[in-house]
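Listed in order, the protein sequences are those of chains A and B. Going by the numbering used here, the first residue of the first sequence is number 354, and it counts up by one from there. Going by the numbering used here, the first residue of the second sequence is number 200, and it counts up by one from there.
For the record, the hints were derived by calculation from the structure and aren't laboratory data. Glycine included, every Cβ here is placed at the ideal spot set by N, Cα and C. Hints are supplied without guarantee of correctness; some may be wrong.
[What the hints assert, rightly or not] Covered stretches of chain A (in silico footprint by chain B; criterion: 3 or more residues with CB under 8 Å from a CB of chain B, positions within the stretch not fixed):
| no. | segment |
| --- | --- |
| 1 | 371 to 379 |
| 2 | 411 to 421 |
| 3 | 494 to 502 |
| 4 | 512 to 519 |
[Said to hold, decoys possible] Here are the simulated SDA-like cross-link-like pairs (lysine to any residue), alpha carbons at most 25 Å apart as the crow flies:
| no. | chain 1 | residue 1 | chain 2 | residue 2 |
| --- | --- | --- | --- | --- |
| 5 | A | K381 | B | G563 |
| 6 | B | K350 | A | L499 |
| 7 | A | K501 | B | D429 |
| 8 | A | K501 | B | E250 |
| 9 | A | K517 | B | A272 |
| 10 | A | K517 | B | G252 |
| 11 | B | K350 | A | A502 |
| 12 | B | K276 | A | N382 |
| 13 | A | K501 | B | E349 |
| 14 | A | K384 | B | E278 |
| 15 | A | K517 | B | V242 |
| 16 | B | K431 | B | F391 |
| 17 | A | K501 | B | S352 |
| 18 | A | K381 | B | A272 |
| 19 | B | K350 | A | M456 |
| 20 | B | K248 | A | L516 |
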Amino acid sequence: MPLENLRGRVAFIFEEDDFDVDQIVGVKNIKIQDVEELAALAMRSYDPDFAKVVKPGDVIVGGHNFGYGHPHYPPMRALRHLGIAGVIAESFSPGYWRGEISMGFPQCSCPGIRALVSRWDEVEVDWDAGVVRNLTRGRELPFEPLAKADRLMLEAGGLVPYLKQYPAN
Amino acid sequence: MGYTITEKILARAAGLPSVRAGDEIMAKPDFVLAYDFPGYTDVYFRQMKEEFGIDKVAEPERYAIFIDHMVPAATPKEEELHIGTRKWCAENGVPLYERKGIGHQVAAEVGYATPGAFVVHFDGHISQLGTFGTLAIGMRRNVLEAFVREKVSIRVPQTVRVNLHGELQPGVMARDVFHHMVRVLGPASCRFQVLELGGPGIDTLTTEGIQSITCLAMFTGAITAIVNPDEKRLAYALPRARKQLDPVFSDADAEYAAVHDIDLSGLEPIVVIPPTPANTRNLSDYVGLEVQAGYLGSCASGRLEDIEIAARILAGRQVATGFMLHVIPTSQEIMAEAARRGYVSTIVEAGGFVSSPSCDYCFGRIATMTDNQRAVSTGTLNVKGRMGSPDSEIYLCNAAAVAASAIEGRIADPRKYL
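Put together the whole structure using the sequences plus the hints.
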């Protein structure tokens, strides 16, 4: 299955570099398993209305080395539950990157993204053209190409379907 | 143009004459390691059977599992997880190391740090096997690939070379070297790359000290760290090695993404202030800050030289009233030797609490702090909530600084006790 372009609004911009994603739900909530409960807590300290204003297909934007530290999975589970379809950041921390790609959650490393977009701009990640477009302002930037295995994993919908689809080496 | 040690190891693991940074390859890990943890191993074991129809792993000697978290079990559920792990290992003929210590350290002790080998784990701190010229990468959930297939997909990483020069001053330890590297190079300086340590200064560090540095590599963004092994480290690793491989070394004209030089002789003890491992400061700027807890242990620092220096500082002194000092040797082998040398009795007589090897103090299962408390720690991380309440604070420092702070109940400079 071809990788579908991300197309949606920038629902939030994390300006901070080396952002620790655990902050999205708060460290004390990191062990919560219930996704409804997690989603209700997500982004509360950044924008209390986040859950109400976000729409399926929206993306979030991050700074350099997004996902630094010991990232856990619940924060992004919570954001996906709210409809967030992917993350575009200046660059990513490898542990976070691997973890989320294996969940089939699109990540796009695009140097300069914070200067390209403002909150609520409509953007498109065109995987084949290799660019992120700001549809609201009519500007675009190239992103760093995905490794082949990462792309196949996203196309398959995550690690388990990927391994099933390509059982041999 | 020559090759890095990383390129050489991956070329052999991929069965190719040579590979270059940037190549996308399939490589066969010599060893696949993991510790049991809810949501990881229990899920892999189930998925292997149910999703991939694998009843038994091929080549079980390539795999090893460690029980080092939740030791001892505090709830029936935790023990249930361990039972499942023991059962899977027995059924598959996979070696299981239980209660031997923190797996990343035990892995070196029992021969998985084979020089020249390619090793995968889900946990990134396995990078410390790089001390012995082993390429050990934490793949997070993707390590499932290594459980269900012979090979893993990997993009050959570029390497950042850091040359060390000079020698550390008393009271300054290998941990400080790593934290200093984060300070001067930056928390993203080696992103998706391998951190290769070298230079004349590396020979002045102990093998244990180098393990401290390679353990923490992920906080420079590196996917692992590696050192060209010298005679001393080969003498440790080769007799234990589980596989006959020729050690490999970077060529003198290997291509690096960047080369940095660091002078060890000018370093002071460092403190990493909350809430991220990127906040490096000189310890001297925080001397006098009240602290209630101290943790000496973890896969980064709980080895003999850490316990030895703490014992030296605590000998004939007492831990401050109300201060909780936890000293957790990294492995049973280390604990037994620390006991034989009298370090354990010295620390206990000073009022320290010494417990058997376990990851639990470091990852927060044994949560020791409540709101508004503050700790000095040799753990891996200082994020909020790592040692209990999210409203407590962790200051990372070397083992000597933990011991000195335990005496004063305040962050203290260890140099005055040495």
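Within 25 Å, alpha carbon to alpha carbon, are K501/A and S352/B? holds, 9 Å
Between K350/B and M456/A, is the straight-line Cα distance small enough, at 25 Å or below? holds, 20 Å
Per the coverage rule (Cβ-Cβ under 8 Å, at least three residues), is the segment 512 to 519 of chain A covered by chain B? n = 4 at 8 Å, threshold three: holds.
Under the criterion that the straight-line Cα-Cα distance not exceed 25 Å, is the pair K501/A, D429/B satisfied? violated, 36 Å
Does the alpha-carbon distance linking K350/B and L499/A stay inside the 25 Å limit? Roughly 20 Å between the alpha carbons, so the hint for K350/B and L499/A holds.
Would you check the hint for K517/A and A272/B, treating anything up to 25 Å between C-alpha atoms as holding? violated, 35 Å
Distance restraint between K381/A and A272/B, which requires alpha-carbon spacing of 25 Å or less: Given pair K381/A, A272/B holds - Cα atoms ~22 Å apart, limit 25 Å.
Taken at face value, is the distance from the CA of E250/B to the CA of K501/A at most 25 Å? Answer holds: K501/A to E250/B is near 23 Å, not above 25 Å.
Pairwise hint evaluation, E278/B against K384/A, where the allowed Cα distance is 25 Å at most: Answer holds: K384/A to E278/B is near 19 Å, not above 25 Å.
Tell me if the straight-line CA distance from K517/A to G252/B falls inside 25 Å. Status holds; Cα separation ~11 Å.
Need the status of pair K276/B, N382/A: alpha-carbon distance at most 25 Å? The hint holds at about 21 Å.
Is K381/A within 25 Å of G563/B, Cα to Cα? This hinted pair holds, its Cα atoms lying about 12 Å apart.
Checked against the numbered hints given earlier, the structure breaks hints 7, 9, 16 and satisfies all the rest.
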